[in-house]
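S.K.: Based on these hints, arrange chain W on the given structure of chain V.
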Amino acid sequence: MEIVLAIGIGILTASGVWLLLRPRTFQVIIGLSLLGYAVNLFIFAMGRLKAGAPPLVNPGEVDTSAYADPVPQALVLTAIVISFALTALYLVVLLTARGITGTDHVDGQEPE
Amino acid sequence: MTPSLLEHLIILPILLPLVAAAFMLLLKEQRYKTKAALSLAVCAALLGTALLLLQEASVGGSGGGDTARVYSLGNWAAPFGIVLVADRLSTLMLALIAVVGAAGLIFALARWDRAGPRFHALYLLLMMGVSGAVLTGDLFNLFVFFEVMLAASYGLLLHGSGEARVKAGLGYVAINLTASLFFLIGVALIYGTVGALNMADLSARIPYIPDADRPLFEAGCAILGVAFLIKAAAWPLGLWLPGAYSAASAPVAAVFTLLSKVGVYVLLRLSMLMFYPESGASAGFAQTLLTVMGLATVLFGAAGVIAAQRLERVVGYAVMASSGTVLALVGMGQADVLGGALFYMVASTLATGALFLIAEILTRGDDRAFAGQEAFFDDEYTDPFEADEVEEVGRVMPRSLALLGAFFAFAALVVASMPPLAGFIGKLAIFIGLLNGEGARQPLNWWIIGILSFSSFATLIALVRIGIDGFWKRDESNALAVRSPEFVAIGGLIGCCLWLTVAGGAALDYTSHTGDWLTRPTDYVAAVLKGRL
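If you read the protein sequences in the order shown, they are chains V and W. Counting in my numbering, the first sequence runs from 1 upward without gaps. Counting in my numbering, the second sequence runs from 113 upward without gaps.
Rather than coming from a laboratory, the hints here were simulated on the basis of the structure. C-beta atoms are modelled at their ideal positions from N, C-alpha and C, and glycine is treated no differently. Among the hints, a few may not be true.
Here's a subset of chain W near chain V, in silico, CB distances under 7 Å, partners left out [to be verified]: (1) F252; (2) Y266; (3) E275; (4) V278; (5) L282; (6) L293; (7) L296; (8) I297; (9) W611.
Looking at chain V on its own, in the form it has when it is part of the complex (with noise of 0.2 Å):
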């Protein structure tokens, strides 16, 4: 199970830093969104794998090792509200930028 999570995020992040490094605008945002999710996902692992483990402790039951770690889950939550409304502000940006510079380029020109 790690080894597939642990490619899985190596992909995710290799993807997005390469559309982060492209010219276009629509790259760098959809380059930001995979790194986000490779992200989310690490945060998650940290919390140690663990299937069919509940976060929420029983009252009568003690053994740590019988659950998983609920911390890393309310992180991930957080993480993705914010990610997800900073990308949504990004693209507000970006489309205004598009408006008013008439190109999606980085750097609000073609390059000569």
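M.R.: Showing chain W alone in chain V's frame:
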């Protein structure tokens, strides 16, 4: 006020701007006078709160000057709940934020707050994010406040619209979103290896990290550091700063100087809390690297200051040099040096903020950013200044050029750290600390002294040149139209610098005591965890 109410004082800098900003969204844009009054009231309350907390931190409230005031949100005890911590450093930052924030707002009231929609709400949210970032005692909560601060700053950078700002915003938003991802990776790695997010808890647990996990933990800290180095504009991660800050409208640029200092603050806070001498194998992690990066930033900033042609860009590079100075000294981790560095940081932030405001007045008349703009949204103003430009000309202050020139000279001397003003006191304290400390007279210390002196010299040359162009070579017919709120804002910042100079002894005493407090992280940990270890 009763003591129980005073305990809640620390949450005011977060709650007040949040509630006021949310309320403002309900008001129409046309009611800008109500909004302005509300923002002013909130900023005044912030200033009052910050000064009250600062006074308590300096003389010591219930537990003496060396304890931190800890506030558990929802009364969940640390390390399980989120805490706000107001210690000497946090309150110092809070006071700085409140002063610069109030000055920026007053300046904006002259005309900038009408240059686009929802200025006041965004401004207050920025104040909330910055205040929260310096107050929080929890790493993930820090992320949330950082994002609030950044989200508001994206909106504010674009405030006033225009092609230059949108282009600058495009790069600024992209680089900060990437920095936030670094932040998350770092936090996740630290949580995965240490199992704690509360800064005090983290600090207490670091000596006990298993050796197998330590490289992963240090990698996490390094990645986390990258996020703040980007924010603090350390070379080579801060090349975005001069472009973004000089494109922003003046009051926004003035408060953006705070954002860089928040990056520096977090690096200072975390490196002192996590890599103290007793923290086992990680002690002193990346300290030398931080010093070298800081010095490289200072050199880059100094070169940029000389090369830049417009005052906004000069000040942008000066902000970099000032951040770099403090970063280099954070790396030294020496109490008396840190005291001087904090003093210098406060003085230079106030002065660079004032210079950003002066720069806008000087370049008025050739408002490049406004040329040929179009409305993109229904509620956007296309020509914000036309309506009030005529009626307010009558209120031009007499001899405004002379007074503004005096302000400029004063701020320039502080930024360049020339005697006898506040910047010089800070740098002198740094040099004395470097020459007297334990590891004194090492080559590195001499390098720091040399580079910092060089940057002062470079800043002086650049600002004198700009001053001659801006004030002496001015066309007589082209009188400066400075409105009274703008004078009040700049005068307030300059007045604070003056106060720092006159009351330099007391202020330096406070900052050196703060430096000393920072080198004793166990006291911080004990205050937050209250013997729960």
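S.K.: So which of those numbered hints doesn't the model satisfy?
M.R.: 9
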